[in-house]
Amino acid sequence: MTAETIIQSLASGLLMGLLYGLIAVGLALIFGLMDVVNFAHGEFLMIAMYATFFLFAFFAIDPLLAAPLVAAALFVFGAVVYLLIVRFAVRAKANAGMVQIFSTFGLAIVMRGLAQFFFTPDYRSVTHSWLGGKTISIAGIFLPVPQLVGALVSIAAFAALYFFINRTDFGRALEATREDAGAVALVGIDKNKVFALGWGLGAALVGLAGAIMAVFFYIYPDVGASFALIAYVTVALGGFGSVFGAFAGGIVVGLVEASTALILPPSLKSVGIYAVYLLVVFIRPRGLFGSI
Amino acid sequence: MTVTRRNVLLGATATAALLPIAARAQTAEVVIGIIYPFSGASAQQGVDAQKAYEIAAEIINNKYDFDLPLAKDAGLAGLGGAKIRLVFADHQADPQKGRAETERLITQEKVCAVIGTYQSAVAVTVSQICERYSIPFISADNSSPSLHRRGLKFYFRAAPHDEMYSAAMFDFFDAMKKKGTRIETLSLFHEDTIFGTDSGNAQLKLAGDRGYKVLADIKYRSNSPSLSAEVQQLKAANADVLMPSSYTTDGILLVKTMAELGYKPNAIVAQDAGFSEKALYDAVGDKLEGVISRGTFSLDLATKRPMVGKINAMFKEKSGKDFNDLTSRQFMGLIVMADAINRAKSTDGDKIREALVATDIPGEQTIMPWKRIKFDEMGQNNDADPVLLQYVGGKFVTIAPPQAAVAEAVWPMK
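Sequence order for the protein chains is A and D.
Going by my numbering, the first sequence opens with residue 1, and the numbers climb by one from there.
Going by my numbering, the second sequence opens with residue 1, and the numbers climb by one from there.
Treat the hints with care, since some could be wrong.
[Claimed, not checked] Residues from chain A shown here face chain D by an in silico Cβ test under 7 angstroms; the list is partial:
hint	residue
1	S12
2	Y123
3	T135
4	P266
[Stated by the list, open to error] Which bits of chain D does chain A cover? Going by a derived footprint, with three or more residues having C-beta under 8 angstroms, they are:
hint	region
5	145-156
6	232-246
Bear in mind the hints are in silico, worked out from the structure with no lab data behind them.
Just so you know, even glycine gets a beta-carbon here, dropped at the ideal spot from N, CA and C.
This is chain A alone, in the form it adopts within the complex:
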């Protein structure tokens, strides 16, 4: 194993990790806001990828330009999912936890089924784009441009999110609702509005990730499943409810995955992720940056 291989692995791991963080942050945001785990998170990613693909296939819009459009569309979609489904699920009188799980889980199955019915199970991909297939090589280390741009978008998104949560009225309302949903009603904040916007924001972030991913990944109705699993681990690792925990968790997952593949046979590379996850759960059950 040469130094070059190690640096290359860590670089790829870091780039992938930043993307994992961007995929996971929507999940962390929604969970932190209202203690609901969105089991359809992977399917949100899937429709974002399909939206990017269709914008490319029918209107020849490059995924980079499509990204804001897709994020906006997913924002609306996320808010609608809250208003039509989750709002009612959290009101359940008995077994509220189960009702929440099954409502979003059911949504995931429906979305997957509809995607298979309308989009067919064929594997799609964005065949040519401004970023696709380009690589930057620095001293023998290859950095694929799509992942590089994805990592930059991820960093920018987290920076914007930080500013948004700490510096704007809506961000403060979001934080306040998270702290005590009952008390905010007394000062005139509409809980439903804040939750709907929170769902919209969470979905928009995964939409952004989906648009970038469409450049270098294949697209099919089940594509969300493998990423969603990593997103759950990322969120749990970084700390449930902590938006920036997702950022750190993503990077940790990316790096651990890449370095495990250096030491163990690649078919066991997810073992490293889950081993670190178990370790964190044992030593610090609330996750690295968890506040709950």
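Model the placement of chain D on the given structure of chain A, informed by the hints.
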């Protein structure tokens, strides 16, 4: 309610009246179970397979002037012109779901035979259930060599398995070496279910026997979100030939990642699966000029055997795709099964099995470049000769074995 004599009589009469209808319905159609992934990550294979089976049933149930078993009559002559009816079941690429669905096909749908399954891992459980119920199973497109070595009496495979395919690859390497091409080192890259594992083992053994050095033997997790670590190892090894055994999803990601990490092997010789799928070439075909894949089917055969072109045209009209290595084997799977049922003159599992054992179809009466279809005592057809195909200018040309080749191999690939 008291049961009077009249009630009993009435019931008996009604039952008796229904019986002949039921009996007639039995002979009018022969129900065959087709089990594939119709949802999940490999749903596309199921959707394509369904069309291949429907074309085969169409040819069996109606009159066509092809030199195929059963094409010339409508339905099965041995069962008084009974028609084939297909029942499709979805195993979602999950061996346990495959087990449950096969059980349902046999007990609820009353199928007399089962054909499947794309994934070898699912064929393992499906064939076990068929064995238990004495229902014949044809492995139309599974290629793991261990499948027919489990001592099952109701398991049959007309197509080659991965040891035969891999032997064809190494025969080709030997021939290329004789012509002065440098082929000394190999990199194996295979997924971690039974298909990839069996294929990798077969290739590792053959490489040892024939004196090729394996620089990297990488087993990866199927449907991985990223393959960059794996591709780096392949790149570091930089062998003369890269030999992937991958399904479509991983194949697309492999080729994309190779391009991103600047790895360009001299040659890729693939164990079919993803590398015979249109979806893969739609996605990354521009990076695959000159890739070689093993196969059992070649459209080049249409020049020698015109019915191959005509049947392909029928399939293309229905599916929008040409026959590929998988769909052609699926098509033949139903033809072979229906031919056996026709000769058995019965839908009884044991009788169909006896007829399958006696199968002897000359190669000219298939759409494949095979010598013939005749099963050995383990249910494997050893006369199914594989071919090697090279992707040149957007289509596949046959480059090996010499008797089937229509062009010289382009080496190294572009």
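Checked hints:
1. Below 7 angstroms, beta-carbon pairs count as interface contacts, and S12 (chain A) has one with chain D at about 4 angstroms; its hint therefore holds.
2. For the restraint placing Y123 (chain A) at the interface with chain D, the shortest Cβ-Cβ distance is roughly 4 angstroms, inside the 7 angstroms limit, so the hint holds.
3. The beta carbon of T135 (chain A) is positioned within 7 angstroms of a beta carbon in chain D (closest approach about 5 angstroms), and the interface hint is therefore held.
4. Hint status for P266 (chain A) relative to chain D: holds, with the closest Cβ pair at about 5 angstroms, below 7 angstroms.
5. Closer than 8 angstroms: that is the beta-carbon criterion, and the region 145-156 of chain D has 0 residues meeting it against chain A, so the requirement of 3 is violated.
6. Look at the region 232-246 of chain D against chain A: 3 of its residues bring a Cβ nearer than 8 angstroms to a Cβ of that chain, three or more, so the hint holds.
The structure fails to meet hint 5 from the earlier list, while all remaining hints are met.
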